[in-house]
Amino acid sequence: GAGVSQSPSNKVTEKGKDVELRCDPISGHTALYWYRQSLGQGLEFLIYFQGNSAPDKSGLPSDRFSAERTGGSVSTLTIQRTQQEDSAVYLCASSLALTGSGNTIYFGEGSWLTVV
Amino acid sequence: GDSVTQMEGPVTLSEEAFLTINCTYTATGYPSLFWYVQYPGEGLQLLLKATKADDKGSNKGFEATYRKETTSFHLEKGSVQVSDSAVYFCALRIQGAQKLVFGQGTRLTINP
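These protein sequence lines map, in sequence, to chains E and A. So the first sequence is numbered by this note's numbering: it starts at 129 and just counts up by one. So the second sequence is numbered by this note's numbering: it starts at 2 and just counts up by one.
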């Protein structure tokens, strides 16, 4: 497709279960980002990929969170042993290789995660 | 560190009113500035951007001017419509850095 694609769009999981969230960036975009948007909160940066490597993982909230990217394309965000405070919208975004801070970052519609 | 502070919401206006949403920033380097919009049930979309001081970004009747002297990037529209109801996010990105740093968002509701 033309935009950033995320799946699932909605996920309800039981506390303690693991979840995987998938992101398909725009074709040709080498930079990929994960953000989290919690109810009443702003947008929280989680991790950034350039190609398959992650130079900045500084936003991952705990070691229960991990992400990988393969083939310079699809990325998976994994949350292990989910907790209720993990409930949020997880947003994926992508952009062209960075030559300046003005490059536009395009967002997907997000994966709504609810931990019950 | 780098941060963005937005006008607190929610903001409620009548149709055809003038809109200003304030945004100020603190940056360790030289940022590009952005406004993103999130319409109900949709993803974040870039509304406009400015990459250097005194640049004006504009789109869909919205404007924002990059003011380095006041470290601001206020969003304005002369006559709002019901369809402008959304959450608006101000953001910055430092030259040489990768991530966007967002403000907390401002929810705007326009009544007919």
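Rather than coming from a laboratory, the hints here were simulated on the basis of the structure. Hints should not be assumed to be uniformly reliable.
[As the list claims (entries may be wrong)] If we take Cβ atoms under 10 Å as the criterion, some of the chain E residues that face chain A in the derived model are: (1) Ala159; (2) Tyr163; (3) Ser186.
Computed from a predicted model, the values in this text were never measured in an experiment. Beta carbons: idealized from backbone N, C-alpha and C, even for Gly.
A quick look at each hint next to the structure:
1. The criterion of a C-beta within 10 Å of any C-beta in chain A is met by E/Ala159, whose closest approach is roughly 7 Å, and the hint holds.
2. Because the beta carbon of E/Tyr163 sits about 8 Å from the nearest beta carbon in chain A, less than 10 Å, this interface hint is met.
3. A hinted interface residue such as E/Ser186 counts as satisfied when its beta carbon comes closer than 10 Å to some beta carbon of chain A; here the least separation is about 9 Å, so the hint holds.
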